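S.K.: Given next are the chains, with one letter for each unit.
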Amino acid sequence: MKPLEVRRLSVEYLTTRGWIRVVDDIDIDIDERGEILAIVGESGCGKSTLGLAIAGLLPPNARIAGGYIRIFGKDAATNPVKVAVVFQDALASLNPLLTIGEQIAEIYLHHFKMTRKEAFEETRKRLKDVGLPDSFVDRYPHELSGGQRQRVLIAMTIAMEPELIVADEPTTALDVTIQAKVLLLLKDIVKKRGIPMLYITHDLALASHIADRVAIMYAGQVVESSDRYSIFREPKHPYTRALLSSVPRIDTDIDELYIINGEPPLPGSFPKGCRFSPRCPIAFERCFNEEPTLKSIAKSYIRCHLYE
Amino acid sequence: MNNEVLVKTVSLKKYYEVRSKFLKRVVGYIKAVDGVDLEVGRGETVGIVGESGSGKSTLGLVLAKLLQPTDGRYLFKGIDITRRFPQSLRGKIRIVFQDPYSALNPRLRIEDSIVEPLIVQGYSRREAIEKSIESLKLVGLNEQHLKVYPHMLSGGQRQRVVIARALISEPEFMILDEPTSMLDVSTQAQILQLLKDIKIKKKLTYLFITHNLALARYISDTIAVMYAGHIVEIGSKKNVFSEPLHPYTRCLISAYPSPDPTIDWRPEIPEEIPAIRFHGGGCRYVDRCPLKREICTRQVPELIEVGKDHKVRCHLYRVP
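Going down the list, the sequences are from chains C and D.
Residue 211 in my numbering sits at position 211 of the first sequence, with consecutive numbering throughout.
Residue 591 in my numbering sits at position 283 of the second sequence, with consecutive numbering throughout.
Keep in mind the hints are simulated off the structure, nothing from the lab.
Please note that the accuracy of each hint is not assured.
Example chain D residues on the side facing chain C (calculated, C-beta under 8 angstroms, incomplete) [unchecked claim]:
{"id": "1", "residue": "A411"}
{"id": "2", "residue": "S462"}
{"id": "3", "residue": "T495"}
{"id": "4", "residue": "L500"}
{"id": "5", "residue": "L560"}
{"id": "6", "residue": "P567"}
Since we're looking at a predicted model, the values are computed, not measured.
Cβ coordinates follow ideal geometry from the N, Cα and C atoms, glycine included.
Construct the entire structure; sequences and hints are all you get.
M.R.: So this is what it looks like as structure tokens:
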């Protein structure tokens, strides 16, 4: 059974202008335990909403307007599923009045009905798993650095023994050196424990090293998804290609970055036809009138009229 | 690039006082910028790279004359402006910050944010509007944008307005403190290109402050790496990236991957420490350094020249 199967998923938010579609007709899969799927996109593309929908954490003003989410074969809308989320801001995710130990042990006390002694024993093991010393049991969140707090969140996440992890920009608030350590730790842990993970990020370079498969989102839709080698070596969708050549690289000198004109469209005002067509350098007539569908080509999926 | 030195600092320092909770007595100092010697040639772009707490933004504020340095000298076009800032140089040094959302007053139209300061400076309203439009055109906007409020603009457009406002006083030296870190990648590319274009058009000199090494590599001629108030390595972009010498520079470069999954990414990163400790003697990086030796804990290394356009502050490269 597939760890994650999302089909034709649409999510809408209620605004003063009525229901606005933010995530539109998304198909994504995680095929194996321990597989990491990166969702890459710019702000407003719907990647965080997609993550919240999968985690069952959509706010009250949102609704699933179509499609389904299946986690290990169970429909997430009607069955209880265990999805853990790691957010960007670790300080906001931790209770400032409780020690780290209390917060992790709580999971064992309430979810697993352990005794206090057993719970704290497990807590120490989890801290060790994320590379933190025993003594952190008695520390408070404000006594920790940003990287250490994010490690505590990862410890809490694995303590829950989730079926799926959604990591939404887990390291954006951290310094680059700390970011590298935390990300590689997270990757190592999900691989070792065989937990499937959805990794949401705006950073292509990080996605190329952390994920097994990558899905690129634009204006609420997946425009290309493929294994990490194909997407970075042979990007097919014009948006993917443009994104890759518009970011400075650390390993080579670039004389000129590729410039995508204009700005990404906002939900509620997505253009007619292909949503990337107004910014696409190779758009032709059909692109402006007819919306492309996600087509399977070899091992990739592409939403573009060029590949038909 | 010619050899005229536009900006020069000699042992520039900025210390923040740390006061006790009770009685507010001064109990110590945070040495945010601790003896920075920097030379920026006219037309050059110097990238200041470092993590949070390295002092890079404080250095930017001091160079923008928004903070008074604690000690050291600051020369601009050969004139000492450490204490005084002559009227004739006003507006020649400008700074652009990271957040274009808080840089513009949300209750004022763009017109009022840009035109009013000019009127205060003695321009007539018509002249001021003409100058503003000219400046907006330079950054790819037009006169229609004068009448709108900041919330009606996108993040990229707001940053353009902020740049236009900075350009209006015809600056020679611009300090750019993470100007694109709040923008999306596609908008970032546009703003970077704009900055490159106006630099040539207006013969500007840039100090580009960033935590992103890839970005620094793209925009800068010279790279200076800061750690805990010190410049630990400085040199031409080619030298610093092809032959990084300081252990911290190597750590920083390895910390960020290239977008190519076939290149193995193995960051060499020492343990993190919750806060940088300020001890009396010794190298600031000693607590994290994988190559530290006995001397490193005792003596502060000097910034020494190891080649043409390449200096490093590390005992490993001391001439015996």
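S.K.: Against the structure shown, which of the earlier numbered hints fail to hold, in ascending order?
M.R.: 1
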